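Trainee: Once you've looked at the hints, go ahead and assemble the two chains, each given alone in its own frame, into the complex.
Protein sequences appear in the order of chains A and B.
Per our numbering, the first sequence starts with residue 1, numbered consecutively.
Per our numbering, the second sequence starts with residue 1, numbered consecutively.
Just so you know, the hints here were simulated from the structure itself, not pulled from any lab data.
One should not assume that every hint holds.
To be verified - The calculated label-pair distances, taken between Cβ atoms and stated as ranges, are:
| # | chain 1 | residue 1 | chain 2 | residue 2 | range |
| --- | --- | --- | --- | --- | --- |
| 1 | A | Glu193 | B | Pro97 | 44 to 50 Å |
| 2 | A | Asp194 | B | Pro132 | 30 to 36 Å |
| 3 | B | Asp168 | A | Lys239 | 50 to 56 Å |
| 4 | B | Ser160 | A | Lys48 | 21 to 27 Å |
| 5 | B | Ser215 | A | Thr89 | 42 to 48 Å |
| 6 | B | Pro132 | A | Lys48 | 43 to 49 Å |
| 7 | B | Glu66 | A | Lys160 | 28 to 34 Å |
| 8 | A | Gly149 | B | Gly163 | 38 to 44 Å |
| 9 | B | Gly68 | A | Glu193 | 44 to 50 Å |
| 10 | A | Lys48 | B | Thr100 | 46 to 52 Å |
| 11 | A | Asp194 | B | Glu228 | 35 to 41 Å |
| 12 | B | Glu66 | A | Asp134 | 36 to 42 Å |
As the list claims (entries may be wrong) - Straight-line distance between alpha carbons at most 30 Å, and here's what the computed DSSO-like set of lysine-lysine pairs gives:
| # | chain 1 | residue 1 | chain 2 | residue 2 |
| --- | --- | --- | --- | --- |
| 13 | A | Lys250 | A | Lys209 |
| 14 | B | Lys159 | A | Lys48 |
| 15 | A | Lys40 | B | Lys159 |
| 16 | B | Lys161 | A | Lys48 |
| 17 | A | Lys250 | B | Lys134 |
| 18 | B | Lys45 | A | Lys160 |
| 19 | A | Lys132 | B | Lys134 |
| 20 | A | Lys158 | A | Lys170 |
| 21 | A | Lys49 | B | Lys159 |
Claimed, not checked - Here are some chain B residues the structure puts well away from chain A; computed CB gaps all over 12 Å:
| # | residue |
| --- | --- |
| 22 | Ser6 |
| 23 | Gln14 |
| 24 | Val34 |
| 25 | Arg169 |
| 26 | Ala183 |
| 27 | Glu210 |
| 28 | Ser215 |
| 29 | Leu218 |
| 30 | Thr238 |
| 31 | Ser239 |
Predicted model, so just to flag it, every value in this text is computed and none were measured.
Quick reminder that beta carbons are idealized off the backbone N, C-alpha and C, glycines included.
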Amino acid sequence: MSSTELNPPRPIVIWITPPGPNPWKAVWLLEELSLNYVVKSFRFDDVKKPPFINVNPNGRVPAIEDPNTGLTLWESGAIYQYLIEVYDTAHKLSYTDLNQRHLCNQWLHFQTSGQGPYYGQAGWFTHLHPEKIDSAIERYRGEIRRVLGVTERVLSEKPKDGEKWLVGDKMTFADMAFVPWNFRLAEVLTVSEDEAWDGFPLTRAWHDKMVATPSWGRAMKLRARLMDEQGLQWNGVPKGIETFTEYETKIAEAKEAESGDIKVVKV
Amino acid sequence: MSSSSSNIHLYTAQTPNGIKVSMLLEELDLPYKVTQISLSKNEQKEPWFLEINPNGRIPALTDTLEDGTTPINLFESGSIMQYLVDRYDADHKVSYPRGTPEYWEVNHWLFWQMGGLGPMQGQAHHFYRYAPEKITYGINRYQNETRRLYGVMETQLAKSKSGYLVGDRLTIADLSCWGWVAAYHRPDRQKTETNTMAKKQDWAGVEIDEFPHLSAWLEKVLARPGVEKGRNVPEKHTSLDFKKLSKEELDKRAAESWVRTESTAK
Ligand SMILES: N[C@@H](CCC(=O)N[C@@H](CS)C(=O)NCC(=O)O)C(=O)O
Ligand SMILES: N[C@@H](CCC(=O)N[C@@H](CS)C(=O)NCC(=O)O)C(=O)O
Numbered sequence: 001m002s003s004t005e006l007n008p009p010r011p012i013v014i015w016i017t018p019p020g021p022n023p024w025k026a027v028w029l030l031e032e033l034s035l036n037y038v039v040k041s042f043r044f045d046d047v048k049k050p051p052f053i054n055v056n057p058n059g060r061v062p063a064i065e066d067p068n069t070g071l072t073l074w075e076s077g078a079i080y081q082y083l084i085e086v087y088d089t090a091h092k093l094s095y096t097d098l099n100q101r102h103l104c105n106q107w108l109h110f111q112t113s114g115q116g117p118y119y120g121q122a123g124w125f126t127h128l129h130p131e132k133i134d135s136a137i138e139r140y141r142g143e144i145r146r147v148l149g150v151t152e153r154v155l156s157e158k159p160k161d162g163e164k165w166l167v168g169d170k171m172t173f174a175d176m177a178f179v180p181w182n183f184r185l186a187e188v189l190t191v192s193e194d195e196a197w198d199g200f201p202l203t204r205a206w207h208d209k210m211v212a213t214p215s216w217g218r219a220m221k222l223r224a225r226l227m228d229e230q231g232l233q234w235n236g237v238p239k240g241i242e243t244f245t246e247y248e249t250k251i252a253e254a255k256e257a258e259s260g261d262i263k264v265v266k267v
Numbered sequence: 001m002s003s004s005s006s007n008i009h010l011y012t013a014q015t016p017n018g019i020k021v022s023m024l025l026e027e028l029d030l031p032y033k034v035t036q037i038s039l040s041k042n043e044q045k046e047p048w049f050l051e052i053n054p055n056g057r058i059p060a061l062t063d064t065l066e067d068g069t070t071p072i073n074l075f076e077s078g079s080i081m082q083y084l085v086d087r088y089d090a091d092h093k094v095s096y097p098r099g100t101p102e103y104w105e106v107n108h109w110l111f112w113q114m115g116g117l118g119p120m121q122g123q124a125h126h127f128y129r130y131a132p133e134k135i136t137y138g139i140n141r142y143q144n145e146t147r148r149l150y151g152v153m154e155t156q157l158a159k160s161k162s163g164y165l166v167g168d169r170l171t172i173a174d175l176s177c178w179g180w181v182a183a184y185h186r187p188d189r190q191k192t193e194t195n196t197m198a199k200k201q202d203w204a205g206v207e208i209d210e211f212p213h214l215s216a217w218l219e220k221v222l223a224r225p226g227v228e229k230g231r232n233v234p235e236k237h238t239s240l241d242f243k244k245l246s247k248e249e250l251d252k253r254a255a256e257s258w259v260r261t262e263s264t265a266k
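Only chain B is shown next, with the shape it has when bound in the complex (with noise of 0.2 Å):
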């Protein structure tokens, strides 16, 4: 991981956003160095970190263009990813050509994870485990939503020769959704009546059985080298193990995260 010769920086936490770049880098085989912001703390939000990103949000990334010294920082976890391959997977190991059908159909799932998946699953999370009050329409339109955008997924890996979501290989679009599916594991969820995705999590443990061929491409991203040991940056990943976990367990656990922290501050 890190080595001196090179100039990436990432700035990250344990979220599906962050495991995304770290999973890449370590794909490519590139060194960098890591720095953990502590999100309970607040880190993202202090002066410093805004520099950075005026956002105020993990992953970032600084780096040096060309000559080595000139600086660039940039946010947003799906533009590192391009930005990454860009430039540095010439010879196309998770990538395409540029101009491609294939280099833009990854874009297009790479979007749709960014704009869709992330922010509708983020918002199942928050209503189930995080909102300080409990809002049943809100925990049933985002896990419908998360649902919904799961068997889209289905579909398309459904039709996927690789197993991978676009041609031959893995690419960011696999990337960019594998950590939010990882994530489907925690204890975000709970039953409701019209949500039937939940109380089979419930009674079967793994809700995901649901979708077979989604469930397939989990295990198969998981078992490449580079994402395992990207999966662990800045911190050891455990969404997976919360597949083991009772729910009592896993009402403990959703109680000490950070997020709850942070709502209830609010």
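This is chain A alone, in the form it adopts within the complex (with noise of 0.2 Å):
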């Protein structure tokens, strides 16, 4: 972004906490259309207090705040519907006709409700609850397996040739909301990317293009150094600790210790 000429004037300020993915569903827009912003970021244990519960009552991160509009917003899908009605006046990732603006939007909503939920959930049952309850962690596994389904199958019916997007012929905000959680997905099923991926290459394909973007790039850097400002690992394991079981067990200690109150920190 070029300083002389900032878009918008005041900069969209960002709230979140670095671990999670929907705060980089957010950024990353941010960053694909080189808006002028800065970020909030702070611990995940401080969504539910203040300051941030004063800006969102629900608790839950991303946020932001536009001085340029003097609106607070949240919810990621919110927010996307936002950045892009006011900032993408070039149409660089959206459309202008009722029919593919209403299709963009249906996948948004779809992956609000569809995908984040179950992977956050297989998410919470495979890494963070110190109990190990099979029956869960297999029900979310399934679902996930049943959204890249639903990925696959629309972009196995896109012409042979052709650009392989949600809508129409060009990446759009639709697909780009689909990347944070599909980045952690072998990491949710703790297999390895070949297997995680098994029988959806074109969902593979369709999102490997998108984190070979500098913005996705350029997003993920500033989630490490971030990360690192909070001593967190890469994967949200705070340092010094080696594996996950260990952290696991460490959990489990913790929570022993305070019955139910523990640190949460999200994969």
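Mentor: Here it is in structure tokens:
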């Protein structure tokens, strides 16, 4: 971004906690649109406390404050629609016609209600909940495969030699919304990348194309820095703890000691 | 309801997500056709339906663009509602003009329902009632989260002068949440040590009393003629009737429900 012509003139403030995927959904869009923004990074433990709870009564990140319009907004899906409508005036990542506009919104809704919650629950039951409940883990793994199956089907119906995007022939915000959780797919499932994507080659190729964009690279570089500032490793585990198993043991111990009042660090 | 002058066709079932759309269509007084999808027969996974919604869930809606012939297919109740108000609510009966602060506020509540209340209360229903194996932790986790989310709505409604979630009128934010809150009277809870909400339900029958503004909102929305008509599409809405049933009757109802059939078949 050129420092002489900042767009918008006053920086959009984005509140995030670095570990989870949802904040990066929004940060990536800010990067991809080359918008002027600043990040307020705080600890995940503080999402339900002031000052953040006064910004978002629901206590979830991300949230944005845009001093250029005086607006405070939360829910990554609503933030997406806002940034696109207000700042993607060149329609780099969106369309103008009724049909494609609403198809993009449809996929955004599917991502926020169909992908996010189920990947999130799988991650919770696999990594963070101290007791291993196989039927719950299986339930959410099954949902993840079902969701991957939906994008696979839709991408397979695209013209053979054409660009494969959810709507039309270019990457839109609808495609982008899926990346932060798919980026954690192997980690959530605790398998290798190849195993995680097995059976979903088109979805994998679609995803790989997006994570190769410079803007996603910049967002992940920022994540690494902010994680580091909070003493967290890349996977969300505090530094000094080597393996997830060790971390899980620590969580279980903490749970016993504090009877439920554990520090939650999202994977 | 069904008139010839519209090409709107709704594919739906009697569920919280399905009635969002029929309530909105009625509030907007739009003519539409309805096809009932039988979830117990798994019709939502049949090839013809997957052509309309590759996600294999209801609701879905088809319409034609302004030219009257080019088809548009939409799924995801939140997106369908945004489409309908964008295209058919020019007078802003249940919406706000694009770009106004209220317009954006409606959107964050809409996404809050779609990504939060729906999936989380849906999991609460699953673990309490439909999961073949009883997992107390799962029940508590999602009932407590649902309760927290009701609290967030309660706080918002307490601040509201109109009694609706955003501004001075009913919007798709309210319609999106209504069927879910109404469904909390369904037989989807049981008493556990840590779940006080369920206890209250068992004792008093109406745990929602704990959230006075939310209770008032439930009734206020219910009193609207469009909502009354739309909630009974494609068949009678019975969630609120559950309030009056005994524990035994509730158990019996749940045993007959379609999701149980699906879960045990897996
Ligand atoms: N996020 C979707 C959720 C739709 C949904 O969960 N639909 C349920 C009925 S309420 C369904 O069709 N379930 C059938 C199935 O999963 O097979 C929406 O709001 O449209
Ligand atoms: N396959 C689903 C069937 C149940 C279902 O579709 N439930 C709907 C409610 S009728 C749901 O939870 N929807 C979540 C949402 O709306 O986000 C499951 O096992 O959860």
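Trainee: Could you let me know if the closest chain A CB is still more than 12 Å away from the CB of Ser215 (chain B)?
Mentor: Given a closest Cβ separation of 19 Å, the condition holds.
Trainee: Could you say whether the range 46 to 52 Å given as a hint is met by the Cβ separation of Lys48 (chain A) and Thr100 (chain B)?
Mentor: Since Lys48 (chain A) and Thr100 (chain B) have Cβ atoms about 29 Å apart, the given range 46 to 52 Å is violated.
Trainee: How does the Cβ-Cβ distance of Gly68 (chain B) and Glu193 (chain A) compare with 44 to 50 Å: does it lie in that range?
Mentor: 48 Å, holds
Trainee: Against chain A, does Ala183 (chain B) keep a CB gap of more than 12 Å to every residue?
Mentor: Given that every Cβ of chain A is farther than 12 Å from that of Ala183 (chain B), nearest at about 16 Å, it holds.
Trainee: Has the hinted range 28 to 34 Å been met by the Cβ atoms of Glu66 (chain B) and Lys160 (chain A)?
Mentor: Since the Cβ atoms of Glu66 (chain B) and Lys160 (chain A) sit about 31 Å apart, the hinted range of 28 to 34 Å holds.
Trainee: For Gln14 (chain B), which was marked as not at the interface, is the minimum beta-carbon distance to chain A over 12 Å?
Mentor: With a cut-off of 12 Å, Gln14 (chain B) remains clear of chain A, as the shortest Cβ separation is near 20 Å.
Trainee: Decide if the proposed pair is consistent with the structure: Lys250 (chain A) and Lys209 (chain A), CA atoms, cutoff 30 Å inclusive.
Mentor: 37 Å, violated
Trainee: Is Lys159 (chain B) within 30 Å of Lys48 (chain A), Cα to Cα?
Mentor: 19 Å, holds
Trainee: Confirm or reject the claim that Asp194 (chain A) and Glu228 (chain B) have a C-beta distance inside 35 to 41 Å.
Mentor: 54 Å, violated
Trainee: Assuming the hint says 50 to 56 Å, is it satisfied by the Cβ distance from Asp168 (chain B) to Lys239 (chain A) or not?
Mentor: 51 Å, holds
Trainee: Should the hint that Asp194 (chain A) and Pro132 (chain B) are 30 to 36 Å apart at their CB atoms be regarded as holding?
Mentor: 32 Å, holds
Trainee: Sort out whether Lys170 (chain A) lies within 30 Å of Lys158 (chain A), counting only the CA atoms.
Mentor: 12 Å, holds
Figure legend: structure checked against the earlier numbered hints; hints not met, in rising order: 6, 10, 11, 12 and 13.
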